[in-house]
Amino acid sequence: MTESTVAAAGAWEVPDRSVSPARRNLGRAVIAVPTIALVAVAGIQIAHTARASAPGFANWRPVAYVYVLWAICLGIGLVMTKGERGKRALFVLPALLFTLAMVVFPTAFGFVLAFSSWNLSSSVGRQFNGFANLRQLFHDTFFWQAMLNMVYYVLSVLVQYAIAFGLALLLNQEIHLRRFFRITFLLPFMLSPVAVSWMIGKSIMDARFGPAAQLLRTLGAQAPAFFDRAWPARLSIMAMDSWYSIPFMMILLLAGLQALPDEVLEASKVDGSSGWQTFWRIVFPIMLPVSITTIILRTIFELKLADVVINVTGGAPGGATDTVSSYIFRVYNDRSNVGYGTALAEFYLIVIVLFLALMLWLSSLWLRKVR
Amino acid sequence: MRMTSRQKGAIVGSVNAAAEAGDARAKARRRARRTAGRVLIYAALVIWAIIALFPIYWTVSTSFKTAIDVTQDHIVPWLQFHPDWRGWRSIGLSPDTIGQPNSSRSEFVKRFTNSLTSAVGASLIAVILGSLAAYGLARFEYKWAIWRNRDISFFFLSQLILPPVALAMPLLVLYKELALLDTHVGLILVYVLMVLPIVIWIMRDQFISIPAELEQAAMVDGASIWGAFFRIVLPLSAPGFVSSFILAVILCWNEYFFASLLTSSAAKTLPVLVASQTGSQGINWWAMAAVSTAAIAPLVVIGILLERYIVRGLATGAVK
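Taken in sequence, the protein lines are chains F and B. Under my numbering, the residues of the first sequence are numbered 1 to 371, in order. Under my numbering, the residues of the second sequence are numbered 1001 to 1320, in order.
Source of the hints: derived by calculation from the structure; they are not laboratory data. Hints are supplied without guarantee of correctness; some may be wrong.
[Said to hold, decoys possible] Here are the computed lysine-lysine pairs in the PhoX-like style, where the Cα-Cα straight-line distance is at most 25 Å:
1. B:Lys1143 to F:Lys82
2. B:Lys1110 to B:Lys1176
3. B:Lys1143 to F:Lys87
[Stated by the list, open to error] If you want the ones that stay clear, here's a sample from chain B, every Cβ over 10 Å from chain F, calculated:
4. Phe1054
5. Trp1085
6. Ile1146
7. Gln1277
Ideal placement from N, C-alpha and C gives every residue a C-beta, glycine not left out.
Using the sequences provided together with the hints, build the complete structure.
In structure tokens, the structure reads:
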């Protein structure tokens, strides 16, 4: 993304039609009254939740409705007080208020949950337990195994990247049936990971009669099993994950290749003998920024990997294939300690935010040095 | 993107080298190497095409197999096994059962419509909210306290990082309080949140590519900001809308994590149905295959018909 284009488009003259003081005051009232109403309704409900005897609603839904009303009044009020600038704010405001409501409340609430013990199936309810969850986390071998697995899974992104780059180079050649191959290579991306888990993990990789096991048997393997031991299982999960995520990287890299300056392509065509050298000396360095974008985006998605593991191995053998998400999913499904599962999730969130920030910072440093 | 002088030198050097290679023998050798290269390229293409297509073929063909054919690794229909409607009969979609009332078919149809409702509903809302925000960010300069356009854009994009696990449990508890558990509305809201960053990313790029002069001209003629948006910008940005809508539908249709935690019966979607078949009393291979085939079929069709838009949407921001 470029900031310059935004700035150029944004330097757009504001037609300054001034707002009369009466209109501005009315606008302020339109914002203030619903704000008070929102605070009041939320307050009533909080009191009701804390002490059942206090008056209140059956559930929190009225508060959500008042929030929507408040958002609408805020929009009207902004147009009344700010005029043209208010109208412009209306473009971004709905998405912003929606995201804030859907992310801020759950995340804030999540951090409260993380410090409590809560068995959803018992009647005791939520109880504050301080740092007990955090202490348990540091002694949870399953969790740390899952964290270690995430390192392996993230490293597998580099292999995926190499294959995706190869495929993108292939598709970028002068070939017949290019459209057919492009659609074919893209198809795995469209498929649901759950269906993939079944198709590949449960059926093709079945140890007794899956075609993949048969293939290994004809190649001389004694008793091929994909999910019995730690590393074969992990590699099998990686293979499935790669199968449906390579197309995504391939498309980004292909777009990068197609945007290469013409003279580069000419040169690599004329200089057919040293195609390999052309690639390393010219194509690869020019593709570096696209490559880094691709790898970072893919890493972000890789860190959420869960569906395949949940549906194929459920973490077996002994947590060796667990991703953090799939492990927490099991803790959640247990429902006996919601607080602990949330503590794990919030801890993981902090770790990946730090990790991605570091990755972005290092890549920008490195790109600057290379240039 | 700028080339360094060394890279330019390399290009010029290689062009000269090729011009000098007038020797006939060298030419013949080059042609042979070229042919070998072509063969390698096509071999690699075909191998990867098989890797990409075989699992899909395997699923579709297994839905027409009987128990013996599944376990004996029969792959080619008619030669190795005789196609049978068994898998499709078990979900009530074979020719002989389709006319009669069938409980597993009605279950399947219910999950299918649930998936359709959540995916299309969420994508529509996300495209509306997201394109408005993207337009604002592409055209105007905002200054809200310390927040400028860059910060707002980054805020939206950073939602991509948020892992579903961090939201799932708090949302489960909040949804319980809001009476939104196991409802379409609840699921749609989560999905909108999930795809909104992608929609904003694609649409912002689309709007930046449309010259602002077009709207300025319309506004000189008396149109308002919103009038210019609806009459000039919307028609011109149709490709971006198609791309972002399709990508959103794909992501929502395939979503499993939230669906399995936040729905139980009324709003349960297709991926949850597929996953739940795996667990109990062994696997009904043919039935599984039939359900999976039906679950991936719509997306395969979309992929073949609208590949251009999907590629366009995915590639947004890759090249700058």
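Verification of the hints:
no. : hint                   : in the structure
1   : B:Lys1143 to F:Lys82   : holds, 13 Å
2   : B:Lys1110 to B:Lys1176 : holds, 23 Å
3   : B:Lys1143 to F:Lys87   : holds, 14 Å
4   : Phe1054                : violated, 8 Å
5   : Trp1085                : holds, 19 Å
6   : Ile1146                : holds, 15 Å
7   : Gln1277                : violated, 8 Å
The earlier numbered hints that this structure contradicts are 4, 7.
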